[in-house]
Amino acid sequence: MNVVNNKWIGQRTIRPDGVDKVTGRAAFAADTTMPGMIWGKVLRSPHPHARIKSINTAKAERLPGVKAVVTSRDIVDFTIEKGAVMLGIQDMRWMCRNVMARDKALFPGHPVAAVAATTEAIAAEACKLIEVDYEVLPWAIEIDDALKPDAPILHEFNRFDGKPSNIMGRIESRKGDIAQGFKDADIVIERSFTTRPVHQGYIEPHACLISVAADGKTTIWSSSQGQFMVRAMSSMLTGIPQSDIRAIPAEIGGGFGGKTIVYLEPLATLLAKKSGRPVKMVMTREEVMRATGPTSGSKSTVKIGAKKDGTIVAAHGSFYLQAGAFPGSPIRGAVGCSFAPYDIPHVLSEGFDVCSNRSKVAAYRAPGAPIGAYAVECVLDELAEALKMDPLALRLKNAAKEGTKAAHGPVFPRIGYIETLEAAKNHPHYAAPLGKYQGRGVASGFWFNAGGESSAQVNITEDGNVVVTTGHPDIGGSRAGIANICAELLGIDYKRVSVIIGDTQTVGFSNLTGGSRVLFASSMVVTQAADKVIATLRERAAKIWEIDPEAVKWENGAAHPVSPNAGQFEPLTLADLAEKAPLQGGPIGASVQLNTQGAEGGFGTHICDVEVDVDLGIVRVIRYTAVQDVGRAVHPSYVEGQLQGGVAQGIGWALNEEYIYNKDGKVDNPGFLDYRMPVCSDLPMLDCALVEVPNPKHPQGVKGVGEVPLVPVMAAVANAVHNALGKRFYSLPMSPPKVSAALDAPAQQAAE
Amino acid sequence: MPKLHVTTFVNGEPVEFLCEPYETMLDALRGQLGLTGSKEGCASGDCGACSITLDGRLICSCLMLAAEAEGHEIRTIEGMAKGDKLHPLQQKFLEHAALQCGICTSGMLVASEALLAKNSNPTEEEVRFWLAGNLCRCTGYDKIVRAVMETAAEMREMRP
Ligand code: FES
Ligand code: FES
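Residue numbers (my numbering), protein chains in the order written: chain H, 56 to 807; chain F, 15 to 174.
Just so you know, these hints were derived from the structure itself, not from any lab.
There's no promise every hint is true.
Said to hold, decoys possible - Here chain F is said to cover these stretches of chain H; the calculated rule only asks that three of the stretch's residues, wherever they fall, bring their Cβ under 8 Å from a Cβ of chain F:
1. 83–94
2. 245–259
3. 306–317
4. 663–676
5. 744–754
C-beta atoms are modelled at their ideal positions from N, C-alpha and C, and glycine is treated no differently.
Use the sequences and the hints to build the structure in full.
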């Protein structure tokens with residue numbers, strides 16, 4: 056690690072984009088207009104499953120004010136027979152069918168056509184004039200229904216175990232021999248769990264504004280977790296080359312994984328191309344709820360065997376995750392992360408990707424991992440209880456550490472899991488007294504974290520300040536982290552560093568804002584770029600002083616001779632050298648592009664206290680502490696913010712959030728009133744304890760922090776509810792009707 | 015139906031516009047008036063991202079018809095700072111990192127200002143219940159509540 060002093064790293068600086076966001080100036084996806092702009096709207100399938108026999112758009116096209124209509128015929132087809140065409144984790148065969156249904160509509164809300172017209176009202180009117188001839192098919196929404204032998208099959212080509220099936224794939228991680236492991240065990244606990252799909256719940260609906268000039272030059276203004284993803288997907292689905300598409304990242308109003316794919320951009324691009332006019336599209340909240348996200352619902356079975364002293368000897372998990380209309384549920388996260396915090400000799404973890412007639416799932420904060428952790432961490436709680444062990448002591452006894460081989464492959468380097476357990480154990484929260492109908496639960500969680508491609512430029516302005524351009528949309532304050540690091544490296548005031556997010560044609564390729572990778576990866580490239588800039592600055596000073604560059608050091612924002620032996624010179628500041636730049640070799644700046652490596656996984660341990668209103672069945676979280684190994688907290692407030700936000704989402708997942716379906720297979724609660732996310736009065740203060748075990752493979756010790764904090768939450772809440780009531784809940788959410796029913800049931804009978 | 019002519023005040027400035035009878039105040043603000051600081055998260059009164067005040071009363075602008083602004087006084091996030099001087103709430107939100115993506119921030123600030131105008135010394139519970147109509151998916155509300163409470167304390171000190 057090359058940072059010695061800590062003037063800026065670790066400071067709670069004011070974020071560079073802050074003033075724009077507290078004054079309403081920041082431009083989000085729906086906040087811009089273009090001259091001549093018209094409006095696009097999507098016609099969506101009302102059916103959960105239907106063959107599209109024909110689409111007639113003639114009447115819509117004749118409506119005055121309508122400028123263009125597109126259907127799946129306009130979208131590049133990635134045929135199923137030709138095999139997978141991957142873009143990141145997305146298979147374009149499914150993406151092209153998800154943005155616009157081809158032969159079949161697979162969920163209510165599936166786009167079947169799109170219209171652009173001079174007003175939103177005319178576009179909506181035109182959608183009604185499009186005639187779609189559907190052959191309505193039987194449908195399956197829940198996993199159990201999709202797995203029945205006579206279930207309607209969504210993708211007829213698919214075979215599992217030689218038979219037509221909605222199981223689109225299976226993966227496993229394996230270590231040792233579980234049969235032997237369970238034989239060695241003194242105690243074995245096996246339980247099954249279900250979770251409901253939940254939406255990422257970003258407050259900003261998807262939106263874009265796109266213009267396509269007559270020569271094909273395309274400008275996309277949209278909010279996403281990756282402007283390069285938007286460019287690539289829009290290019291692949293429309294046939295416009297990437298070099299002609301400038302995707303500009305608008306400020307993004309929340310993503311949580313849900314904005315790592317496109318919905319509107321390819322449609323708006325085609326509408327803009329056909330009409331010759333800029334096209335704006337904005338989803339309604341109802342469209343967001345029906346047709347985007349969510350994460351998978353799940354069914355899991357977890358079996359854990361241990362010795363009497365608490366040593367875990369074997370574990371088996373099987374995780375069935377709903378993918379929605381197209382393959383691609385996050386089974387990798389469930390399979391790989393669930394047992395990762397523990398050093399277990401015999402493990403089998405398997406995941407099944409199940410299609411059903413609901414919207415295609417999108418990533419959601421540590422995709423898959425919270426689903427697996429919910430099951431595993433609840434079983435561990437039961438195991439601790441059965442063995443009369445403290446649940447943190449059980450975890451400590453089995454904790455993964457440096458050298459542990461995880462079932463999903465890697466041998467852990469120096470990790471901070473044990474530190475999180477110890478910090479939790481020693482936290483005053485863990486010893487605080489509890490009242491009647493109150494209970495405490497703990498749980499841990501792991502997420503892989505990611506590195507990958509990042510690009511950045513560091514340029515010195517003519518007046519001696521700094522502009523950093525990175526390629527990652529900033530959702531939670533990453534610009535502030537980058538500014539801290541850059542100010543630290545260059546030894547200048549934080550306020551002299553301006554950080555902006557470049558568009559696809561002005562900065563090098565940068566992969567998604569996702570996988571908790573942004574600060575890890577972008578600070579790595581920014582550090583290398585800043586080092587190059589410093590090398591240039593030293594060379595320039597050396598030239599002016601006519602000494603060797605090796606005899607010049609960079610300190611506190613200025614060049615100095617390394618020692619009096621090197622010569623007696625007044626320091627040359629960044630401003631001095633910037634001013635002299637034209638005569639000394641020209642502009643000062645550097646750009647770096649890397650495929651970053653060394654993003655080590657992250658661990659967290661949470662403590663949750665609940666109080667149950669036994670008359671109404673309402674569970675309230677009354678105290679919460681999230682402990683996490685964050686590597687290095689470059690900007691502690693935004694690190695804490697990640698923990699607090701993840702915890703709040705997990706509490707919603709645990710207690711309230713779920714889609715309710717009606718008998719027609721449609722979501723009955725597609726709005727914020729009935730899809731109830733936690734509001735301010737639902738939550739207590741959310742305490743954070745940051746453990747800093749620096750990542751040895753990163754210049755500042757950074758580890759990803761954004762996703763781990765969602766992983767343990769549902770189990771921590773469920774374990775707390777059990778502690779309060781003596782009853783276990785094996786299905787989420789633990790909503791008031793379910794809790795009331797369990798309280799009314801005979802005492803020893805386990806809840807659903 | 016012909017468009018309606020509306021004369022009103024927005025952030026203290028006289029404003030005139032034409033609107034459809036069914037147009038919401040939020041659409042008028044974001045559309046013809048060019049004030050996009052108020053956001054649309056739901057258009058159904060459930061998220062508070064569109065919060066404004068009408069004659070000092072906190073409302074969801076997505077639930078108000080634009081024509082209803084006639085003769086009244088509207089305030090939006092754009093009117094909160096005085097020139098380049100931020101309102102103490104805006105400053106505290108920045109210092110506390112009480113925003114992550116920032117899409118809820120305009121509404122949170124407008125709602126918090128309305129709270130402090132009514133109650134200069136709110137308890138944590140009062141802040142939480144007052145802001146219960148403003149959804150934030152990013153922060154878990156912790157830093158928002160702290161920022162509002164601390165602003166209230168500082169403002170009380172400023173005017174004894
Ligand atoms: S947009 Fe008005 S309350 Fe959500
Ligand atoms: S900061 Fe993103 S919704 Fe509140």
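Going down the list of hints, with the structure as the test:
1. 83–94: holds (count 3)
2. 245–259: Coverage by chain F holds for the segment 245–259 of chain H (5 residues, Cβ < 8 Å).
3. 306–317: holds (count 6)
4. 663–676: violated (count 0)
5. 744–754: violated (count 0)
Consistency with the previously given hints fails for numbers 4, 5, ordered from lowest to highest.
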